[in-house]
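Peer 1: Can you build the whole structure from these sequences, using the hints too?
Residues per chain are reported as follows:
Number of protein chains: 2
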Amino acid sequence: MNRREMMKLGAGAFATSLPLVAHAEHPFRDAAPDSGATADQGGDAVQGTIEQWGIFEVALAGPSEGNPFIQVTLSAEFRHQHRTVSVTGFYDGNGTYRIRFMPDATGDWSYVTTSSAGALHGKSGSFQCTSASTGNHGPVHVAHQFHFQYADGTPYFPFGTTTYSYLFMSEPYDLQTIASLKDSPFNKVRVCVLPKGQGKRGLPEFPFEHAAGSSSAHREELKDGHPSNATFDCDRLNPRYFQLLERRLLELQKAGIEADLILFHPYDSWGFKSMTPEQDDRYLRYAIARFAAYRNVWWAIANEYDLVKTKSLADWDRFFRITVASDPYSHLRSIHHSKVIYDHSKPWCTHASLQEYDFQKSAERRAAWNKPIVYDEIQYEGNIARRWGNLSAEEVTRRFWLATVHGVYASHGETYKTPPGEPVWSDGGKLRGISSPRIAFLRKLLERATQTGVNEFEDAYYPSAGKDKELYLYYFDFHCVGEYDFPLPAGVRFKATLIDPWNMTERELPGVFTGKSTGSRFVDENAGDQIQGGTNHIELTGKPYMAVLFQKV
Amino acid sequence: MNRREMMKLGAGAFATSLPLVAHAEHPFRDAAPDSGATADQGGDAVQGTIEQWGIFEVALAGPSEGNPFIQVTLSAEFRHQHRTVSVTGFYDGNGTYRIRFMPDATGDWSYVTTSSAGALHGKSGSFQCTSASTGNHGPVHVAHQFHFQYADGTPYFPFGTTTYSYLFMSEPYDLQTIASLKDSPFNKVRVCVLPKGQGKRGLPEFPFEHAAGSSSAHREELKDGHPSNATFDCDRLNPRYFQLLERRLLELQKAGIEADLILFHPYDSWGFKSMTPEQDDRYLRYAIARFAAYRNVWWAIANEYDLVKTKSLADWDRFFRITVASDPYSHLRSIHHSKVIYDHSKPWCTHASLQEYDFQKSAERRAAWNKPIVYDEIQYEGNIARRWGNLSAEEVTRRFWLATVHGVYASHGETYKTPPGEPVWSDGGKLRGISSPRIAFLRKLLERATQTGVNEFEDAYYPSAGKDKELYLYYFDFHCVGEYDFPLPAGVRFKATLIDPWNMTERELPGVFTGKSTGSRFVDENAGDQIQGGTNHIELTGKPYMAVLFQKV
Chain C
-15 MNRREMMKLG
-5 AGAFATSLPL
5 VAHAEHPFRD
15 AAPDSGATAD
25 QGGDAVQGTI
35 EQWGIFEVAL
45 AGPSEGNPFI
55 QVTLSAEFRH
65 QHRTVSVTGF
75 YDGNGTYRIR
85 FMPDATGDWS
95 YVTTSSAGAL
105 HGKSGSFQCT
115 SASTGNHGPV
125 HVAHQFHFQY
135 ADGTPYFPFG
145 TTTYSYLFMS
155 EPYDLQTIAS
165 LKDSPFNKVR
175 VCVLPKGQGK
185 RGLPEFPFEH
195 AAGSSSAHRE
205 ELKDGHPSNA
215 TFDCDRLNPR
225 YFQLLERRLL
235 ELQKAGIEAD
245 LILFHPYDSW
255 GFKSMTPEQD
265 DRYLRYAIAR
275 FAAYRNVWWA
285 IANEYDLVKT
295 KSLADWDRFF
305 RITVASDPYS
315 HLRSIHHSKV
325 IYDHSKPWCT
335 HASLQEYDFQ
345 KSAERRAAWN
355 KPIVYDEIQY
365 EGNIARRWGN
375 LSAEEVTRRF
385 WLATVHGVYA
395 SHGETYKTPP
405 GEPVWSDGGK
415 LRGISSPRIA
425 FLRKLLERAT
435 QTGVNEFEDA
445 YYPSAGKDKE
455 LYLYYFDFHC
465 VGEYDFPLPA
475 GVRFKATLID
485 PWNMTERELP
495 GVFTGKSTGS
505 RFVDENAGDQ
515 IQGGTNHIEL
525 TGKPYMAVLF
535 QKV
Chain B
-15 MNRREMMKLG
-5 AGAFATSLPL
5 VAHAEHPFRD
15 AAPDSGATAD
25 QGGDAVQGTI
35 EQWGIFEVAL
45 AGPSEGNPFI
55 QVTLSAEFRH
65 QHRTVSVTGF
75 YDGNGTYRIR
85 FMPDATGDWS
95 YVTTSSAGAL
105 HGKSGSFQCT
115 SASTGNHGPV
125 HVAHQFHFQY
135 ADGTPYFPFG
145 TTTYSYLFMS
155 EPYDLQTIAS
165 LKDSPFNKVR
175 VCVLPKGQGK
185 RGLPEFPFEH
195 AAGSSSAHRE
205 ELKDGHPSNA
215 TFDCDRLNPR
225 YFQLLERRLL
235 ELQKAGIEAD
245 LILFHPYDSW
255 GFKSMTPEQD
265 DRYLRYAIAR
275 FAAYRNVWWA
285 IANEYDLVKT
295 KSLADWDRFF
305 RITVASDPYS
315 HLRSIHHSKV
325 IYDHSKPWCT
335 HASLQEYDFQ
345 KSAERRAAWN
355 KPIVYDEIQY
365 EGNIARRWGN
375 LSAEEVTRRF
385 WLATVHGVYA
395 SHGETYKTPP
405 GEPVWSDGGK
415 LRGISSPRIA
425 FLRKLLERAT
435 QTGVNEFEDA
445 YYPSAGKDKE
455 LYLYYFDFHC
465 VGEYDFPLPA
475 GVRFKATLID
485 PWNMTERELP
495 GVFTGKSTGS
505 RFVDENAGDQ
515 IQGGTNHIEL
525 TGKPYMAVLF
535 QKV
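Residue numbers (the numbering used here), protein chains in the order written: chain C, -15 to 537; chain B, -15 to 537.
Since the hints were made in silico from the structure, they are not lab data. Be careful, since some hints might not be right.
Below 27 Å or equal to it, Euclidean Cα-Cα: the simulated BS3-like pairs (lysine-lysine) are [unchecked claim]:
no., chain 1, residue 1, chain 2, residue 2
1, C, K401, B, K527
2, B, K527, C, K527
3, C, K500, B, K401
4, C, K527, B, K414
5, B, K401, C, K527
6, C, K345, B, K323
7, B, K500, C, K401
8, B, K345, C, K345
9, C, K323, B, K345
Peer 2: And the structure:
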């Protein structure tokens, strides 16, 4: 793949400034560099063009002796008008160093490097940042207090899924994963940066180099998919591993999917959860230096942090602080628990990522944390023996609706039993379940109904969310309501749509709907009274799991 | 109905000793008394025969002037061998006083009365208590710490329902209610003693006499089924009201149904919840004096006690103390809440009666209270607008199963919309729903499987209850389990039955089932290992809401 293809493929996401060093190992640089590339490693007047929220990359040749990961520092200051952004570079192996930058403003930018190595120091250049291309909305940030949107103001409502191993899993499962994702409603995916065991499928690469004493024959002895006695030199990162991950990050970006990057996790067979604090911090800074320029990256400091018994709460707080300090773009930051909920009110958490499905506690959590909440693990659709992995598609659909009317977001997962050797969806592979079309239905409905997200009506008699006097989305959950006098506000006219979330049908009701008072949202005792200009009474199906949407006309 | 018919009808429940005073007003005494009856009100040598846990009644003529409810005291001591039981009598109107007694031991009993009125004082007699007839198992008491049984040792597992107004509602709804109950699995019914509004259906009687100044014309002005300006003299109980209730108590007894008598409640249109403490206490003692000899009576001090804003916690505690002191038989005692759970660890509570459906908290509640728990209001099957009244039959069935595998009990209720003027089942009338056959299925299954009730396995991976090494009842709730290695104990052989609670099917699996260890009941990590003498692995349907029963062979 050449540079032109890369830029096209990445929808403007990835541009490589000159000078460019091409390596056979680099997954994007198998082919000869674009004819426009000149390997002018010593030049100062590097030029380029990159779209807003694309990746401008400076590649420099530098020292390869010793341990460049430890011994060489590299950074650059990027300048645009009055602003300066400091960006850390990284060693990409074979004597190549890179600095990646995601410009957030159009216009002229320049940069100059600083390094402990003379060959990398004082390099400068400039480029022009052009408008974002279609489909590039920039990174996602918190908006409207409890919601999200893209940097360009486009609404973004997370409807995530879980494919922990997608970034590092071997073929053909990576291709299956991205094909399923493209065919799904999911616009966020929870993916691990450090590897998880892949059974007999094995792993193409590891994030660290094998220790010097570890023979290659030794390395080939696979047990359960990983070298049985593998030892790693955790002071030496393996750039090929990270290049692999980046290729998949770009695939996600092309598909319009945010990558919720899980930086640490407890599912470790190789000792990566037992590195020294220095090694942890170096790995973390390295990952941020490599990945932060990808606009679709979120930082999930850990999955099930409280199951990582080798680390303390102080470690997790430190990782957050390092992330805040190292990421020039303030990508979203969260941490995910197993049993012990992290204090998401801490200032470095941009939102809460929960393993819960007690959505009725959302209001008190919002009050405590004042941030968006994503219920990132609400148990999985499937049929395995583990109790977190055998929800019906109906129950998953229900939980997504409950999340919505509690003003929060949910993430999907799936663990149907697979043929021997094949991964379950929550690792990657093929999506088998039937909740995802229902989630697509909900996502489309929400995106049609609001630009800013729906907030829970906390005192509502039935779960409902929206915006007062404009939008009311009711979800009746298990209640088989036969009729209901909706406590709509007086003086506002609404159209009403009956929604069947499972059968994915909508039926707009004839007439205009309005209410008697703007007071209590509890059930109205005076049913059936005449209301000026409409009614608040609706005959419902008496079936469970139905919804009603009121939109101001 | 004559006395012989009464005894037959009541299955030995009700006998009237001589002398007997017959009143046209008394529902059981419309016909002439039995030819054996002599109105020897002054005699001392009264004889009779009554079966164990039947009702022996002494009727005496006494003063009717003034206010007998306040001015006349009456009690009797019943003696059997070394024991003496003190029993309070009551004024039944028209100059008749009664003392009712439920003997709990066969053999010879004698009694002597004490009264402030000379005509009632010093009356004595004796009777023989014979063995209980078939179907008479005596009153229900707590047994096996968290369960119940009849006095004769017969197991009793409460599967209750709710028909608040059955005791006082007008025809034909009373007949509809009892007919539905007889056709149902319910062996306990929650019924109010003080009246609830009956809409246009009206009430046949009130528990207190109308105040002297209240004209009869005035009384006829009905609004919403009760006298619009009715005022009552709450110092004068109305015996006809209580006679009506007693007739229905006996109907329940004949049908094998325990009457969970709600003594106070907030659903009051007449001021009965705002009586003085003296009036409250007098009413309470009167109800106990009349009803305590009915073996199928339980005392529910209140329904939704915390909604009765006219009373304090000290009042409820006092009512409990009065009940303990006044009831010679220690019938079961509980109190039911709306939002604020009563402290059921108080010594006068025999069990907890809850308005909840968070069954997962049962273990901590058992630990706190050390008593049986009946979730007496788990919301109702139906389709009304109120959120407590529109569960699907599936959800009600699910909640009964959840209660069972959490080692507790549940009560049913139903609020399907009815034709105008007809009551909903939770008041009385016709049972319309389809959860009741499923509850019958569960009740039969439980009664076949255990004599002493099932206890929750609190650390179980999936909800389950039973008795260790003997009985394991699993309910998988919403989990669509495709296969599972059950953590059965080693060295014990079980038969296994797959149960579909909704379709009411059972299928015994071929083979013998046993486990590998007696250790953790959490999911076994070493699935598929060979186990000596059987297997712990079962392929399940992958459908939700399934159950599996293991019984020692």
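Peer 1: Could you run down the list of hints and mark each one as holding or not?
Peer 2: These are the hints, each one checked on the structure:
| no. | hint | result |
| --- | --- | --- |
| 1 | K401(C) with K527(B) | 14 Å, holds |
| 2 | K527(B) with K527(C) | 20 Å, holds |
| 3 | K500(C) with K401(B) | 24 Å, holds |
| 4 | K527(C) with K414(B) | 22 Å, holds |
| 5 | K401(B) with K527(C) | 14 Å, holds |
| 6 | K345(C) with K323(B) | 17 Å, holds |
| 7 | K500(B) with K401(C) | 24 Å, holds |
| 8 | K345(B) with K345(C) | 17 Å, holds |
| 9 | K323(C) with K345(B) | 17 Å, holds |
Figure legend: structure checked against the earlier numbered hints; every hint is met.
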